[in-house]
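Protein chains: 2
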Amino acid sequence: MIGQTSERGRRRRGRSAEAAPAPSRDVNYRQLKNPFPLMEVFPADQIADMHETALRTLQELGVKCLLPEARRLFAKAGARVDQDTEMVFIGRDIVEAAVASAPKSIACHAGARHRDFTLELGSLVFQPGAGAPNATDLERGRRPASGQDYLEFLKLTHHFDVFQMISPQVEPQNVPTHLRHYFTTQAQMELTDKFPFFFSRGTPQVMDCFEMLSIARGLSDDEFQAGAHCYTIINTNSPRTLDIPMAQGLIDFARNGQMSIITPFTLMGAMAPITVAGAITLSHAEALAALTLTQLTKPGAPVCYGTFTSNVDMKSGAPAFGTPSHFQASLAAGQLARHLGLPWRSAAGSASNINDVQAANENQFGLWGCLMAGATVIIHSAGWLEGGLTVSFEKMICDAEVLNMVAELCAGAQAGKAEIGFDTALSEVEPSGHFFASSQTMERYNTEFYEPHLHDYANFGTWTERGSMDANHRATAVWKSILSDFKAPSCDSDRMGALHEFIARRTAAGGAPPES
Amino acid sequence: MIGQTSERGRRRRGRSAEAAPAPSRDVNYRQLKNPFPLMEVFPADQIADMHETALRTLQELGVKCLLPEARRLFAKAGARVDQDTEMVFIGRDIVEAAVASAPKSIACHAGARHRDFTLELGSLVFQPGAGAPNATDLERGRRPASGQDYLEFLKLTHHFDVFQMISPQVEPQNVPTHLRHYFTTQAQMELTDKFPFFFSRGTPQVMDCFEMLSIARGLSDDEFQAGAHCYTIINTNSPRTLDIPMAQGLIDFARNGQMSIITPFTLMGAMAPITVAGAITLSHAEALAALTLTQLTKPGAPVCYGTFTSNVDMKSGAPAFGTPSHFQASLAAGQLARHLGLPWRSAAGSASNINDVQAANENQFGLWGCLMAGATVIIHSAGWLEGGLTVSFEKMICDAEVLNMVAELCAGAQAGKAEIGFDTALSEVEPSGHFFASSQTMERYNTEFYEPHLHDYANFGTWTERGSMDANHRATAVWKSILSDFKAPSCDSDRMGALHEFIARRTAAGGAPPES
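Chains as they are written, first to last, in the UniProt record's numbering: chain F, 1 to 516; chain V, 1 to 516.
In case anyone wonders, no lab produced these hints; they're calculated from the structure.
One or more hints might be untrue.
As the list claims (entries may be wrong) - Heads up, simulated SDA-like pairs for lysine to any residue below, C-alpha to C-alpha not over 25 Å straight-line:
| id | chain 1 | residue 1 | chain 2 | residue 2 |
| --- | --- | --- | --- | --- |
| 1 | V | Lys104 | V | Thr297 |
| 2 | F | Lys315 | V | His434 |
| 3 | V | Lys417 | F | Pro43 |
| 4 | F | Lys315 | V | Ala458 |
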């Protein structure tokens, strides 16, 4: 619960309790507003050209849409559809109507009201690294992710207030695929009250997840459908392809009033043009196609625009993250999102194979690109290694420190008379003196500064005596301590009983295999 | 010479020579403009209050000024001086006149014209970590810095174009203090043609350095004094004390037309008020006092405003860097610098004891504070550990990668018709195809992306086969390779001979011990 206002207040009251009440800081990490100025990489007329080219791409080049139901929806709206090639050519009027009906603000309902948040331009939400097949930590090494890894990452995600959403974290590969969504949904209902994630792997799984969530939250069908209670992430198959489970997910989530976060994952020079401008134009076209499908399904359905675009290394073809091109791609996507007026997601990330300095620098470099791009949701903001093939326990702890510091900046600072402190500080201390005992310091020393969970300020001698542990190794102790102290939020036992019954019944009936 | 336009152009011309000429990118790292939007931490009226409070501090509380000559200059300008307490009370009119006469733009003359740069609001200059008593690397461990360390850091600093200035790096502790300035000046004249640094440790040393520089550059006294050919860094003794060598340095550099970079080094909660607003108000007052002394010495003398303010850990009193408070302090100082209209320096840095993830994250976090604060010069931007007690060879390489990526962002990007590439990319590739062979890719693959010197994009298998080296250990190979390949810029042998003669003569005469 690091970053929780009440906790921090309690923790810091100690010595100052006798003195004047310590000025409190607003350190609510749960509902953040982005305080950073927005950066533009392209002038407005070039952004308009990119938007126009994306519309032209959809109309003239078209999108391959593998799901017949999706093609029917596009055709019904007036799009030209070639059933043989599965190509859909979407006129600009159809796209523009969809953009107009997409909500500019999305209220996200979590399991507890203090976990609710709103997605709109200006808000700021973080997710840890997502979707990795592997997990790694310094004690157990790199391995195919298991159910235990999933549960442990879920607990870590719950612990840090700065992660406002649950991400798909890692694939619990030892859980059979036809039962995996029961496992991950039950865990999200029992171990956290944050906004949950469900994969779009076919209607049967998605409907199971919606039902499990409704049971666990005590929602009627109408209540469930009236607001966004969960989300999915939709990746297009770049270039210009929308596969069956992704198209089905867009339809299923939209039809039930739940949120899709649309993310063409485009690598410049590989599945996308080599330029930032070309890659983001393609990504924009694909995002608009997917967004349009949600609005054709149900006008007003919650949908989050998005991109995740970085470059490949042209010598090896390997993906790179946290690069200048990645940074610029985030900026360009942000300009296009504002062109539409819609909330949107971007991503940090790292190509490094371990939690080292490269991993830290790439992730933070990508993060600042997202922040200055005004991203509403920043995915893969912690723990993501190997371009998404692994999530690291230690990296999650290290990156959470950076995100907490960003959250502290969201709270801002003041320079009123009390803070400038001419009488309570400046005039109290003689030349070459110190401020340890000034009135202003005495009043504030317990609350003024962010307290890190990982960073160590001991001097070299003390640090050496303590074992010369680098941040990576200290992070091991941090995540182990969080896991051993973990307490799940309280659950309604009747609802959880009903959830268990549902899962048992569906499991006995054979579960729901993923569709493709 | 990484980042040098011509080098990069050559290096990348290979495969594309047969095709159309590759579009060239402007990757001049030597004269950068800050492309990042400026962030404000306080509203304008609070910044005005801070400035007013600083003026009031100087007038009512005064500054302790240990150098009689400085007190005379202040007294002559009308300041009230108490010779017994060495206190100087500086009226706002004196300060305001000094701010008015300080140059808003400073042309810095290096040893070669392509190394010249201008300091003014909007320009962006980086220095590596500076002033450390120790050096460290993975092969030789942490040790008191030696002459060899000084020379090696100088070569590394010269190598990366993104370091436009030479910093004081490390203290060569095995060189006697009365001869050390000969050693460091000779090295700066022989191994690099970048803008050099001289310590202010008394007039005899400073005059020696000026003379050595004039000899090496072939400058007459008039030519030397007509422009800024070198600089010093002036730290006040916070709070509100200006010691003898620092005051003398301000006078000596100003009198000879050379640049002082003024840097109150104020730690919130220790030598400065605990609040960002209080600490920066104090820093501002001290910077104004020092700046005033330069202008009383010689109106129009080149002087760079500055601050370096972070917080201490209130539990231990240990300094912390790359924190939210450090970030906000940079923002506040930037607002005050713009209030004055003057170029200014800020600083990144790390409290970590080794080149680990903490070191990377702190340094980069502090760096973004400086960038969004609009700092003209960013000191300690690479290599600085332990809050300045050590400079690390590996960290210098790791941080230089981040700075190079920032420099790439300075070059910007375009989204013209060629970059959007409807005809040369988007329409050439079928759905689910790839862009490896599109016309646009073929034209640009050799120049489009930044090529890292350290970051590794190999996949986990390949990386494991190659020895599972983290960035820190790879950095060792990088700095060793740079040092072994190092070629100094060409020197005029007559001038260098004269320089050696000067040093031999002065050494025989007993050198020049530092003054205090």
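Hints, verified against the model:
For the given pair, Lys104 of chain V sits about 18 Å from Thr297 of chain V by alpha-carbon distance, which is consistent with the 25 Å threshold. A threshold of 25 Å between alpha carbons decides the hint, and for Lys315 of chain F with His434 of chain V the separation of about 16 Å falls inside it, so the pair holds. In summary, the hint linking Lys417 of chain V to Pro43 of chain F is supported, as the alpha carbons are separated by about 13 Å, within the 25 Å threshold. Only pairs whose Cα atoms come within 25 Å are accepted, and Lys315 of chain F paired with Ala458 of chain V is accepted, the gap being roughly 11 Å.
Of the hints listed earlier, there is not a single one the structure fails to meet.
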